[in-house]
Amino acid sequence: MNWITNVVRPRIQRVFKKKDTPDNLWRKCPACNEMIFHRDLEAALNVCPHCDHHMRLGTAARLASLFDDGQYQTVTVAGVPLDPLKFRDQKKYPDRLKEARSKTGRDEAITVAHGPLDGVETIISIQDFAFMGGSLGMAAGEAIIKSAEIAIEKKAPFILFTAAGGARMQEGILSLMQMPRTTVAVEMLREAGIPYIVVLTDPTTGGVLASYAMLGDIQISEPGALIGFSGRRVIEQTIREKLPDDFQKAEFQLDHGMIDMIVHRHKLKDTLARTIRILMHKPKLGTPSTLPARTASR
Amino acid sequence: MHTYLDFEKPIAELEGKVQELRLLAHEDPSVSITDEVAKLEQKAAQLLQDTYSSLTPWQKLQVARHPRRPHFVDYVERLVEDFTPLAGDRLFGEDAAIMGGLGRFRGRSVVVIGHEKGSDTQSRMKHNFGLARPEGYRKAIRLMDLAERFGIPVVTLVDTQGAYPGSDSEERGVAEAIARSTDRCLSLKVPLVSVIIGEGGSGGAVALACGNRILMLEHSVYSVISPEGAASILWRDSAKAKDAATAMKITAQNLHQLGVIDRVLPEPIGGAHRERHQMIKEAGDGIEEELRGLEKLDGATLKRLRREKFLAMGRVGVV
Ligand SMILES: [Zn+2]
Numbered sequence: 001m002n003w004i005t006n007v008v009r010p011r012i013q014r015v016f017k018k019k020d021t022p023d024n025l026w027r028k029c030p031a032c033n034e035m036i037f038h039r040d041l042e043a044a045l046n047v048c049p050h051c052d053h054h055m056r057l058g059t060a061a062r063l064a065s066l067f068d069d070g071q072y073q074t075v076t077v078a079g080v081p082l083d084p085l086k087f088r089d090q091k092k093y094p095d096r097l098k099e100a101r102s103k104t105g106r107d108e109a110i111t112v113a114h115g116p117l118d119g120v121e122t123i124i125s126i127q128d129f130a131f132m133g134g135s136l137g138m139a140a141g142e143a144i145i146k147s148a149e150i151a152i153e154k155k156a157p158f159i160l161f162t163a164a165g166g167a168r169m170q171e172g173i174l175s176l177m178q179m180p181r182t183t184v185a186v187e188m189l190r191e192a193g194i195p196y197i198v199v200l201t202d203p204t205t206g207g208v209l210a211s212y213a214m215l216g217d218i219q220i221s222e223p224g225a226l227i228g229f230s231g232r233r234v235i236e237q238t239i240r241e242k243l244p245d246d247f248q249k250a251e252f253q254l255d256h257g258m259i260d261m262i263v264h265r266h267k268l269k270d271t272l273a274r275t276i277r278i279l280m281h282k283p284k285l286g287t288p289s290t291l292p293a294r295t296a297s298r
Numbered sequence: 001m002h003t004y005l006d007f008e009k010p011i012a013e014l015e016g017k018v019q020e021l022r023l024l025a026h027e028d029p030s031v032s033i034t035d036e037v038a039k040l041e042q043k044a045a046q047l048l049q050d051t052y053s054s055l056t057p058w059q060k061l062q063v064a065r066h067p068r069r070p071h072f073v074d075y076v077e078r079l080v081e082d083f084t085p086l087a088g089d090r091l092f093g094e095d096a097a098i099m100g101g102l103g104r105f106r107g108r109s110v111v112v113i114g115h116e117k118g119s120d121t122q123s124r125m126k127h128n129f130g131l132a133r134p135e136g137y138r139k140a141i142r143l144m145d146l147a148e149r150f151g152i153p154v155v156t157l158v159d160t161q162g163a164y165p166g167s168d169s170e171e172r173g174v175a176e177a178i179a180r181s182t183d184r185c186l187s188l189k190v191p192l193v194s195v196i197i198g199e200g201g202s203g204g205a206v207a208l209a210c211g212n213r214i215l216m217l218e219h220s221v222y223s224v225i226s227p228e229g230a231a232s233i234l235w236r237d238s239a240k241a242k243d244a245a246t247a248m249k250i251t252a253q254n255l256h257q258l259g260v261i262d263r264v265l266p267e268p269i270g271g272a273h274r275e276r277h278q279m280i281k282e283a284g285d286g287i288e289e290e291l292r293g294l295e296k297l298d299g300a301t302l303k304r305l306r307r308e309k310f311l312a313m314g315r316v317g318v319v
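Just so you know, the sequences run in chain order A and B. Quick note: the first sequence, position 47, residue 47 per UniProt numbering, numbers continuous. Quick note: the second sequence, position 19, residue 19 per UniProt numbering, numbers continuous.
Hint data in this document are derived by calculation from the structure and do not stem from the laboratory. Glycine is no exception: its CB is placed at the ideal position from the N, C-alpha and C atoms. Wrong hints could be hidden among the right ones.
Said to hold, decoys possible - Listed next, the stretches of chain A that the computed footprint assigns to chain B, with coverage defined by at least 3 CB atoms under 8 Å from CB atoms of chain B:
1) 128–135
2) 211–220
3) 231–241
4) 248–261
Stated by the list, open to error - Among chain A residues calculated to face chain B with C-beta under 8 Å, some are:
5) A167
6) L176
7) E187
8) G224
9) G228
For reference, chain A alone in the conformation it holds in the complex (with noise of 0.2 Å):
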């Protein structure tokens, strides 16, 4: 895939899309309620340009906000059985599936790229809220696998954006098994020295912190992403108190220790690049390499 089709087709097609209905040129801030102007925040990456606020960012936009010149290619990902449960609770698992890739236009929950990051060739894969709530299942589990392949035989970084309200309960044990599964693939890149980066983004919570989002060498996370294991509701009936509001976003884990750091989504790249030719011996991008040579060399 090129620029062309990654980037330019779906902001042509939402563009046109829009005019059809005025109301949805402007969107309000959830946070301060500003209106603002739809190309605006698309511009600004879904930041309220008036308080910051980081709204949810879909995956294309992502992918193209990281790549150099947006320039990637997504990677396919074996496919894994359909609805091996026959589950069903309110709709069958087959139709909710339906539902999400027409929504989202993606085939499951993580989509698995690689480019250039700031001329480094890095393995970059979204896990999409948007998709059935970025739900851990069985596809998922394989596209990190995949991605950890790929990162190893490529001698890559690896990139992960976390975002999932959990494991794909329709997938039963099968998606509780993700859990190890995603871990053998983050042990395979840690032996085989590649860097494996997670950006935890809102919300990540669940099966899903508890295992390949919490393990990254480094963690970053954007501002005010909600970052949690147990669900608020069911930790205030256990302990039967009310819970601060800044409970389980990043600030709390970055107080508690359990993040490096907090990023703006509009330094991202930059730190994630300069994160990357670090931990890579790589030399500044169009400098001389400081370094001392024997570690220059490596």
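Please build the complex by placing chain B with the ligand on the supplied structure of chain A, with the hints as guidance.
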């Protein structure tokens, strides 16, 4: 005093009648009850067998949660000699929801780790009903490190509804603790045998359950979320927990079929809680057999096979 589960009421009635007759005969020796008692006892035994050979997933969940079901301490007491409990995570505290220690199991050194729910009000409080905080998982990691350092096989006994959903648990990073514990299980270079002895609840169970071999007691359950939780989230109606228990495929038989566990350990008729010693002995036999197979393998092979087993899950044998 026996605790009867809801679906055991017809059995309770028959067994109650037998008791009454016995009491009657005791008070008035001239009454002959032998035939009647034998008949009733046979009927009760038959009913027990019929009931337990066709338990629904929801009923199995009740059996898995039965207050008299053998717990970690019961297995350790009867199977592990010289048990030497070890406490603390060396970081913050001691969490009795997960117990562990050194011991001898049928001639070999072992490290045993598992959830303990407690069996009366006082011990349930002490063990927090088997709901572990981060310290429990970090202690488990420490004990696995220890086991590996001294080449000692590890046995984990899993029995929890999940990790403790409290604010202190969150503050001290329960998600990270679970992730690291899972990670440690998967990188171990000594044999690891995991047995789901009661409830395998979500990530709090996974953290101790990533063995080379994973065994489940016949009426144990293992699931991504409790049926009650699934009902309230997916059906938006907590009364649908029975449907959720069936739909989620949580039984040992389901999991064996899905290739998630390796072996189902049969329970005595009427469940583990009726013949506790027999159950513990049979679980011991199963664990010993598995350890014998694994003890022949070197560390790197144990680690590789364990990983391959997890990577194959869902890829093979599931349609
Ligand atoms: Zn705003």
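Tested hints:
Counting residues of the region 128–135 of chain A whose beta-carbon sits less than 8 Å from any beta-carbon of chain B gives 0, not enough to reach three: the coverage restraint is violated. Coverage of a stretch by a chain is defined here by at least three residues with a beta carbon nearer than 8 Å to that chain's beta carbons; for the region 211–220 of chain A and chain B the count is 5, and the condition holds. Evaluation of the coverage hint for the region 231–241 of chain A: fulfilled, as 6 residues show C-beta separations to chain B shorter than 8 Å, against a requirement of three. Restraint check on the region 248–261 of chain A versus chain B: 4 residues with Cβ-Cβ distances below 8 Å, three needed, restraint holds.
A least Cβ separation of about 5 Å between A167 (chain A) and chain B falls short of the 8 Å threshold, and the interface hint therefore holds. Checking L176 (chain A) against chain B: minimum C-beta separation of about 4 Å stays under 8 Å; hint holds. Satisfaction of the interface hint for E187 (chain A) is found here, the shortest Cβ-Cβ separation to chain B being roughly 6 Å, below the 8 Å cut-off. Interface hint status for G224 (chain A): violated, as the beta-carbon distance to the closest one in chain B is roughly 17 Å, over 8 Å.
Interface hint status for G228 (chain A): upheld, as the beta-carbon distance to the closest one in chain B is roughly 6 Å, under 8 Å.
Consistency note: the structure conflicts with the earlier hints numbered 1, 8.
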